[in-house]
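*Asks:* I would like the entire structure built from these sequences, with the hints used as guidance.
Mapping of the sequence shown onto our numbering: position 141 corresponds to residue 1417, and the numbering continues sequentially without gaps.
Just so you know, these hints were derived from the structure itself, not from any lab. Check each hint, because a few of them may be wrong.
Calculated lysine to any residue pairs in the SDA-like style (CA-CA distance at most 25 Å, straight line) [what the hints assert, rightly or not]:
no.: 1; residue 1: LYS1350; residue 2: HIS1299
no.: 2; residue 1: LYS1380; residue 2: TRP1342
no.: 3; residue 1: LYS1329; residue 2: LYS1392
no.: 4; residue 1: LYS1383; residue 2: ASP1417
no.: 5; residue 1: LYS1368; residue 2: HIS1293
no.: 6; residue 1: LYS1350; residue 2: ARG1337
no.: 7; residue 1: LYS1422; residue 2: ASN1393
no.: 8; residue 1: LYS1413; residue 2: THR1346
no.: 9; residue 1: LYS1403; residue 2: ARG1307
no.: 10; residue 1: LYS1350; residue 2: ASP1423
no.: 11; residue 1: LYS1327; residue 2: LEU1388
no.: 12; residue 1: LYS1368; residue 2: ILE1291
no.: 13; residue 1: LYS1392; residue 2: LEU1418
no.: 14; residue 1: LYS1327; residue 2: TRP1342
no.: 15; residue 1: LYS1383; residue 2: LEU1418
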Amino acid sequence: MLRRASYVFNMGDYIDHESSAQHTFYLLSNRTIDGLSHREKLDLALVASFKNKTVFKQFVRPYKSWLTKTERKKLMLLGALLKFTYCLDGTKRHVIHNIDVNVKKKKILLTLAYTKNAAPEIYQAEKQKKHLEKALKRPVDLTFVKDTKDKE
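*Replies:* This is the structure in structure tokens:
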């Protein structure tokens, strides 16, 4: 699911940047996609169009009876994770090259290794981590580490 959603994440951006999530959700949930059931299209649309918790709830409302509370939480987590990872390559320069995840009882520690100047990715990651924190119901600490092998 996450891999499929990553291919079409924010596809609505090509139509209208300001309404990207709405366009992405509409296109994926209302088009025929060979090989996917209605439910699979809905799951894909919810993950790929993730913007924030409020918009997610707005999109899922008409389909609430299709999904259990656990399924909705899982899809929101996948959407938040996808949005977060997408911002780690916001400049399309592939500067973040390694992520170390350390799950503690009360928080999650992410150590992200970068090569070139990663200021835009660091800024976006700090801004977007709140969606992960809400979905996981625990704080996420980010540590960015410059790869010393790089000769920028």
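*Asks:* Taking the hints in turn, state whether each one holds.
*Replies:* Hint check results:
1. LYS1350 to HIS1299: 22 Å, holds
2. LYS1380 to TRP1342: 33 Å, violated
3. LYS1329 to LYS1392: 32 Å, violated
4. LYS1383 to ASP1417: 7 Å, holds
5. LYS1368 to HIS1293: OK: LYS1368 and HIS1293 at ~18 Å, within 25 Å.
6. LYS1350 to ARG1337: 16 Å, holds
7. LYS1422 to ASN1393: 9 Å, holds
8. LYS1413 to THR1346: Given pair LYS1413, THR1346 holds - Cα atoms ~14 Å apart, limit 25 Å.
9. LYS1403 to ARG1307: Violated. LYS1403 to ARG1307 sits at ~32 Å, over the 25 Å cutoff.
10. LYS1350 to ASP1423: Roughly 33 Å separates the two Cα atoms, so the pair is violated.
11. LYS1327 to LEU1388: Holds: LYS1327 and LEU1388 sit about 23 Å apart, inside 25 Å.
12. LYS1368 to ILE1291: 20 Å, holds
13. LYS1392 to LEU1418: At roughly 18 Å apart (the allowed maximum being 25 Å), LEU1418 and LYS1392 satisfy the hint.
14. LYS1327 to TRP1342: 21 Å, holds
15. LYS1383 to LEU1418: This hinted pair holds, its Cα atoms lying about 11 Å apart.
Checked against the numbered hints given earlier, this structure breaks hints 2, 3, 9 and 10; the rest are met.
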